[in-house]
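Undergrad: Here's the letter readout for the chains.
There are 2 protein chains.
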Amino acid sequence: MHRTSLEVSYDGTGYGGFQIQKNASTIQGELEKALAVIYKKPLRITGAGRTDAGVHARGQVVHYDAPFEISAVRLPAALNVLLPSGIVVLKARPVAPDFHACRSAKRKVYSYSLDRAPYPQVMRRRFAYHLPGAFNGQAVKKAAQLLEGTHDFQAFQAAGSPSRSTVRTLYRVDIKEYPDEKLLQFIFEGDGFLYRMVRLLVGSLLRVGRERLEPAAIAAALAGDYPQAAGPTAPPQGLCLEKVIY
Amino acid sequence: MHRTSLEVSYDGTGYGGFQIQKNASTIQGELEKALAVIYKKPLRITGAGRTDAGVHARGQVVHYDAPFEISAVRLPAALNVLLPSGIVVLKARPVAPDFHACRSAKRKVYSYSLDRAPYPQVMRRRFAYHLPGAFNGQAVKKAAQLLEGTHDFQAFQAAGSPSRSTVRTLYRVDIKEYPDEKLLQFIFEGDGFLYRMVRLLVGSLLRVGRERLEPAAIAAALAGDYPQAAGPTAPPQGLCLEKVIY
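Protein chains in written order, with our numbering: chain A, 123 to 368; chain B, 123 to 368.
Derived by calculation from the structure, the hints in this document are not laboratory data.
Remember, it's a predicted structure, so these values are computed and weren't measured experimentally.
Please note that a few of the clues may not be correct.
Identical copies go unnamed one by one, so any copy, or any two together, can satisfy a pair.
Unchecked claim - Straight-line alpha carbon distances no greater than 30 Å define the calculated DSS-like cross-link-like pairs of lysine-lysine that follow:
1) Lys298 / Lys144
2) Lys228 / Lys304
3) Lys228 / Lys155
4) Lys228 / Lys213
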């Protein structure tokens with residue numbers, strides 16, 4: 123067996139998410155279909171993060187066990203010919219047999235993009251959530267700082283979450299502003315994320331931005347009080363898995 | 123009659139171009155459909171530029187004669203509710219009865235975007251032409267400078283062009299590089315453009331970039347020699363009508 127990892131980017135629009143499903147086209151399904159052609163047998167892949175329907179990736183990582191070796195230099199181009207245009211393999215790498223795309227990951231970086239133009243920017247509509255109007259950036263920065271560090275994020279996970287421990291560390295919650303492009307971007311870097319955690323965090327931060335929630339309510343939610351301070355779940359199109367760090 | 127102008131942006135992917143057609147969905151068709159709902163009667167619009175199938179716009183301008191006045195502040199939002207998500211009206215303005223979206227235009231600005239990453243960037247694939255590999259930027263700059271000014275661009279028009287005179291002035295042919303985003307953009311500002319002129323110019327510039335054409339061949343093509351130096355027509359997805367200046 124030749125364990126191989128792939129770095130993959132995709133436009134999640136129109137896909138039923140990363141994970142394979144019976145009744146929807148998925149990223150995993152498309153990748154496995156292309157790999158089956160290349161290796162002439164069905165293969166199962168494991169992803170670093172199971173992104174939801176409509177969520178994108180610039181640097182998703184997957185691994186699989188190949189029945190034979192193919193040059194890592196040639197593999198991306200060979201797969202890209204077979205894949206739909208919205209899924210692009212950026213890199214392939216032979217890895218150790220104990221490498222695991224999800225369990226070996228040390229950190230993940232997600233971005234969440236907001237289109238701040240008065241009317242939606244057509245070229246961003248697949249990759250940003252359109253949120254015009256008043257926005258208190260100072261309050262959001264304050265709230266974002268409260269999220270950094272090691273906390274119990276139980277209030278920020280969706281029901282049906284399989285995680286045992288809900289303690290996670292956020293190393294970084296940045297807010298980047300691109301005024302020329304009328305774009306605002308949240309960056310989350312953490313050792314792991316609960317189910318829908320980023321979108322729930324963004325949902326809360328957006329309420330803070332619209333002055334419908336005090337920054338202090340975020341700290342209270344982390345302390346287990348006021349779980350109603352968490353969310354709502356921000357729409358999927360703004361979210362992107364930027365990078366997985368091993 | 124209330125002559126009204128609209129500033130419109132669109133993602134041209136999947137549309138049969140700006141101009142109304144029988145067998146394809148077009149930008150004009152979609153705009154006229156939405157206007158007919160608002161004004162409760164069929165209206166005809168005139169655009170500043172008839173962008174081809176797959177070509178985009180950030181600042182297309184159209185005009186039409188409305189049977190009654192609607193607040194220019196409210197009109198964009200009312201139209202955007204009716205339009206598909208890839209077409210967005212940015213501004214409405216009451217204009218003089220002799221204003222003409224195309225004939226009153228003094229200048230137009232087009233951009234052409236190249237994705238220079240080794241594999242296509244999924245989030246740019248609708249709005250940039252993927253061209254990896256060696257590229258002689260210096261030679262392209264030299265060739266671009268030769269295009270600036272007033273010339274007979276006959277060599278750079280597609281067959282079936284309705285224009286009588288083929289003399290046009292290019293005020294500016296810029297090349298912008300965004301190395302962080304692996305993006306290269308050509309900007310063309312001119313008093314008017316022949317049919318497919320920008321895409322033919324880009325086609326020539328790309329041949330210069332790949333060192334398959336000397337910059338001097340561009341000057342020769344402008345002088346009427348070597349018409350084979352013009353083109354080929356660069357693919358539509360890189361092209362965007364940025365702005366119309368009146």
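Undergrad: A separate judgement is required for each hint: does it hold in the structure or not?
TA: Tested hints:
1. In this homomeric assembly, Lys298 and Lys144 never come within 30 Å of each other (Cα to Cα): the closest approach is 38 Å inside a single copy and 46 Å across copies.
2. In this assembly of identical chains, the alpha carbons of Lys228 and Lys304 lie at most 30 Å apart only when taken from different copies (27 Å versus 33 Å within one copy).
3. Within a single copy, Lys228 and Lys155 get their C-alpha atoms as close as 29 Å, which meets the 30 Å cut-off; across copies the closest is 53 Å, which misses it.
4. When the C-alpha separation of Lys228 and Lys213 is checked against a cutoff of 30 Å, the pair qualifies only within one copy, where the shortest distance is 19 Å, while the shortest distance between copies is 48 Å.
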